[in-house]
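K.L.:
Chain by chain, the residues run as shown.
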Amino acid sequence: MMKLTMAAALCLGLMSGTAVAASAWTGGDDLPTNALACDGTAGAAQAKPYDGGEPANPPDRASKKITVVDIPKLIGIGYFNATSKGIQDAATELGNVDAKTDGPTKANIDEQITFIDNYITSGVDGILFAANDPVAIAPVLKKALSKGINVVGYDANSTPDARQWFVNQAEFNGIAKALIDNMAKEIGEEGAFAIVTSTFTTPNQARWIAEMAAYAAACHPKMKWLETVEAQEDNNLSFNQATTLINKHGDELKGIFGMTSVATPASAEAVTQAGKCGQIAVVGLATPNAMKPYVEKDCVKSVVLWNPVDLGYAAMHVMRQVADGALKAGATSVKAGKLGDLQVINGSEILLGPPFIFTKANIGEFDF
Amino acid sequence: MTGALLRHEAVLACLVCVALAGLAFLSDRFFTTENLLNQGRLMSEVGLVALAMTFVIITGGIDLSVGSILGLSAILLGVFWQNAGLPLEAAIVLAIASGTLAGLVNGIIITRFKVPPLIATLATLALYRGLAEGISQARSVRGYPNWFFAFGQGEVLGIPFQLWVLAVATVVCAVILGLTPFGRATYAIGANEVAARFSGIRVDATKLWIYAGTGFLAALAAVIFVSRVTTTRSDMGTGLELDVITGVVLGGTSIFGGRGTIIGTALGLILIQALKNGLALSGVKGDGTIVVIGIVLIIAILVSAVIDRSRGG
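First to last, the sequence lines map onto chains B and A. Numbered by our numbering, the letters in the first sequence go through residues 1 to 368 in order. Numbered by our numbering, the letters in the second sequence go through residues 1 to 313 in order.
I should point out that these hints are in silico values taken from the structure, not numbers from a laboratory. The C-beta atom is built at its ideal place from N, Cα and C for all residues, glycine as well. The reader is advised that the hints may include incorrect statements.
[What the hints assert, rightly or not] Using 30 angstroms as the maximum straight-line C-alpha spacing, the simulated DSBU-like pairs for lysine-lysine come out as follows:
| # | chain 1 | residue 1 | chain 2 | residue 2 |
| --- | --- | --- | --- | --- |
| 1 | B | Lys85 | B | Lys248 |
| 2 | B | Lys64 | A | Lys285 |
| 3 | A | Lys285 | B | Lys106 |
[Said to hold, decoys possible] Which stretches of chain B does chain A cover? Using the computed rule of at least three CB atoms under 8 angstroms from a CB of chain A, they are:
| # | region |
| --- | --- |
| 4 | 115–128 |
| 5 | 191–202 |
Excised from the complex, chain B in its bound form (with noise of 0.2 angstroms):
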């Protein structure tokens, strides 16, 4: 029976040595990236045809009051409160649409398909999600088109064809560039640095991550990468992963990312309990509000992010054009009310705008 143990341990063991990794950072995922050049200027934009998918038999709607559940992934932290509100506010504005906002109280695709599957059979007219993984939500969002519902996503993409339309909050190699930049700004060419992330298969941290690696490669490239670790989108957790990194690595971190609206405030929190602030620096995707703190001590200096609110208003906007059937394969441009004109990139995907960075300058501007 020992041996057996041993046996069945080692054969384990042995299997976890066989994969290999594809991205130069861990976290990030091996689609191919697309850096930005070094300063700044934009790469020239590919014409690509509609590649959304179409609900079957939808009944008209348009001028009608139609139902919308936002189904993000999670719901009770402050991002997803700020994009619940941006489509609250386009909801009203609008006067025809009965939103609501529910989802599961962890990151947890599980749960949020059941969500998603629940509203499907409850009759919405409209589904609006921020995926947690892009392909297991796809045969749920599917199913929700084959019913005649209106599927538009934002913040976190699925397979383009399980969804009609997506509001991209700012591309994934602006974000990067942004990134890196600014932690370069703070450690210096050489500096060292990890990475607080959510997990490692999260659609939108793995892009990030290998578009950063690829922006670093290319234009930062005696930066080093100490690590990635996974902190869920957990307070508790990224604070504990934040603490682990400072005293692992000693005098030779240097800078810590943030790649959560979690992990940013957790990592900040970290370097002030540590007493570091000012030789660690914390760059990161956070809310406004959770960074105030660090900001206003000095101890963060640049908090990069799109504005939540106008995601959310924009998704709205955009899921209203499609009920009424305004907005068709093949558009170039949608209006987006006090947003204006929104472009329509990468076949069926609408983007906000570039990223945003908040610092002690303009910080206390904002309130979400």
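Given chain B, put chain A in place with the hints provided.
P.N.:
Just chain A now, with coordinates in the frame of chain B:
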């Protein structure tokens, strides 16, 4: 003793009926064939594991590693198929074998080294999840052929495929637990392990079979799960153990061992799934649903305890 058991199941069956009727009243989309079958589909993975967990808990044990075994088996399925280049059929068989092996390792640690099941499986919960993360290098495996999706998304005679699997597994488990010497040995171990040992029951062998069987069913659930969501992720099945244990305990299985039935577990699972779905359909948000499930669990256990006490138990 059987009287008390039937009592708990009768209470539970009434609760299920009340819940179904109430939810059907709250939402006209709840009690439709399509929705009920769909809920059966969503319930199958938890259901399969809960059947095995019933045996484990009746012996007085617990298996916290089921979610991790599910994740590990799912990852191995993808790795065997994509990285090792095996045919998908062979990958499925190997993944299920690996899950069974993982369960067997639990059993060996518990019986050979006398580690309490709670501690042993808490350790393997972390170990198997860690292996899943390590083996996959946190990358998803996607792009399975279409025939594979039949397990998780297909239908046979209008009923979801996995519901057939769950039904067969339920009958098999109910027969084993209720009508065979193996089942009686399971109860005997949970009621009094020392007495069972002195009565000539092969306690360790029985436990080994049970933990290996749990691994097997968790791995089977993993295959169905991967087929349903069309992708493999290393964090699949996180937190599954809690859903499973909730269902089993709500079904009247005593956490101290020696008591419980498959029918009870089935009723417990149905009640939870019906509440989750029905409340969502009638407009209650996710957080509210969890609160209701917590309250129902407490009420069911209290009622059962009161009945026990009034019978001088």
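K.L.:
If you test the structure against every hint from before, which numbers come out violated?
P.N.:
1
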